[in-house]
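Student: Just so you know, the protein sequences line up as chains A and F, in that order.
Counting with numbering that gives the first Met the number 0, you get residues 0 to 201 for the letters of the first sequence.
Counting with numbering that gives the first Met the number 0, you get residues 0 to 187 for the letters of the second sequence.
Check each hint, because a few of them may be wrong.
To be verified - Stretch-level coverage of chain F by chain A, calculated; a stretch enters the list once three of its residues show a Cβ under 8 Å from a Cβ in chain A:
1) 70-84
2) 118-127
What the hints assert, rightly or not - In silico lysine-lysine, DSS-like type, Cα no more than 27 Å apart, as pairs:
3) F:71 to F:136
4) F:71 to A:13
5) A:13 to F:186
Everything labelled a hint here was simulated from the structure, so no lab data went into it.
For glycine and all other residues, C-beta sits at the position ideal for the given N, C-alpha and C.
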Amino acid sequence: MIDMADDKDNQRHKDWDHELDLLLANYSAVDPRPGLEGRVLANLRREQEFHDRPTMWRWAVAVCVAAAMVLFVLLWPRPKVVEHKAAVHQTSGGQQGPTQVQTTPQELGPERLAQGSKSGARTRRVPNVVANTGHPHLDQFPSAQPLSDQERALLDYVRRSREEAVLLARARMEVLRRDREEEESIVRQTDLGSPGPGLQDQ
Amino acid sequence: MAGEAILGEAAPLARSEDEALEELIRTCSRLVYRIAYSVLRSHHDAEDATQETFVRVLRSNTRLASVTDHKKWLARIAWRVAVERSKQQRRRHEIALDSPENPVEEAISPDVPGDQVVHRKEIEMLLEGLIAALPDKLRGPLVLSTIEEMSFEEVAAAVGTTEAAVRSRVFRARQILQGKLAAALQKR
Chain A
0 MIDMADDKDN
10 QRHKDWDHEL
20 DLLLANYSAV
30 DPRPGLEGRV
40 LANLRREQEF
50 HDRPTMWRWA
60 VAVCVAAAMV
70 LFVLLWPRPK
80 VVEHKAAVHQ
90 TSGGQQGPTQ
100 VQTTPQELGP
110 ERLAQGSKSG
120 ARTRRVPNVV
130 ANTGHPHLDQ
140 FPSAQPLSDQ
150 ERALLDYVRR
160 SREEAVLLAR
170 ARMEVLRRDR
180 EEEESIVRQT
190 DLGSPGPGLQ
200 DQ
Chain F
0 MAGEAILGEA
10 APLARSEDEA
20 LEELIRTCSR
30 LVYRIAYSVL
40 RSHHDAEDAT
50 QETFVRVLRS
60 NTRLASVTDH
70 KKWLARIAWR
80 VAVERSKQQR
90 RRHEIALDSP
100 ENPVEEAISP
110 DVPGDQVVHR
120 KEIEMLLEGL
130 IAALPDKLRG
140 PLVLSTIEEM
150 SFEEVAAAVG
160 TTEAAVRSRV
170 FRARQILQGK
180 LAAALQKR
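In isolation and in its complexed conformation, chain A is listed as follows (with noise of 0.2 Å):
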């Protein structure tokens, strides 16, 4: 009996292997449509061709594609650099920072003379100040940006003592001014073919 049970299990064994065999078979026999040579090799002519054709198009694409990037770097907006007028100008001689002035006790106002000021020529730092160039300026310093060491030391001197400050500004600008009229001067007489009188002192 139980023989007869395993044989028949054989047999059901064979034959869905014989089907399953059957169906594999047929599961990749198949054959693709007529002229699949013709087709391929048609394509691969074009791929040759293609691979084989001067490249100049493509030189002429990246040559192209080259110019527009460089349009686009020199043409892209840039950030407008705003010119900041500080209150404080230069002097005349282009001078920043302290100058040496030679003052005289004659220059300076009877005010000065009476705080006790020193006999005799003397050298004294004075910082720049503002000088009248004709230029409209502002009454406040109108940058964002922080100010320099000068100018914080200006500030200072100005809120220490403004009237020495003003009085020390109007004699500066008035030696500037002199010291004007004696250049043009001496042009004058040189062109005229005369020396002025100032080079004859020195």
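Put chain F on the given structure of chain A with help from the hints.
Tutor: Same frame as chain A, now just chain F:
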């Protein structure tokens, strides 16, 4: 004669690479197509994969004259192309519709009863589903072994394993298919 033997061997080397490629296309395009179809199960995709296989052959730096076994070499390329396309399709979640590419031509034959044809088709579709559900390691050797032009040695070269491993995997795959097929058909 020795001289003629040498000349005979040298003659294929003198052929141009283009001629060798054309010869390869004529002799192996059907094999490549069947390999592609066994994976992709679509005539359209199989032909695309065949084209791509030969394009890769054209672009490869390997000279055909230097290849000892063209069939194995080509089968390996075709297998890779088909598997890559299959993965791309799965990533795109492409659903294969019941394509009209496989018409029930047998129904035209008056010798085979119509109900048997339909029954046969149902079993074939069932088998396709079961094969698709196999693990990749088993499915690849099995489907390649169904191609009559390919031996176990060539299947092993295509999938990149040994012949013994291929035989073992095919046997295991058949066992699974048998069990599932029997169970499915007995339910009906």
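Student: Confirm or reject each hint.
Tutor: Against the structure, the hints come out as follows:
Under the rule that three or more residues need a Cβ within less than 8 Å of chain A, the assignment of the segment 70-84 of chain F is violated, with 0 such residues. Counting residues of the segment 118-127 of chain F whose CB lies closer than 8 Å to any CB of chain A gives 4, which reaches the minimum of 3, so the coverage claim holds. Restraint check for residue 71 of chain F and residue 136 of chain F: satisfied, since their Cα atoms lie roughly 19 Å apart, inside the 27 Å limit. Using a Cα cut-off of 27 Å, the hinted pair residue 71 of chain F and residue 13 of chain A is violated, with the two alpha carbons roughly 32 Å apart.
Among the hinted pairs, residue 13 of chain A with residue 186 of chain F is consistent with the structure: their alpha-carbon atoms are about 20 Å apart, no more than 27 Å.
Hints 1 and 4 from the earlier list are contradicted by this structure; the remaining hints agree with it.
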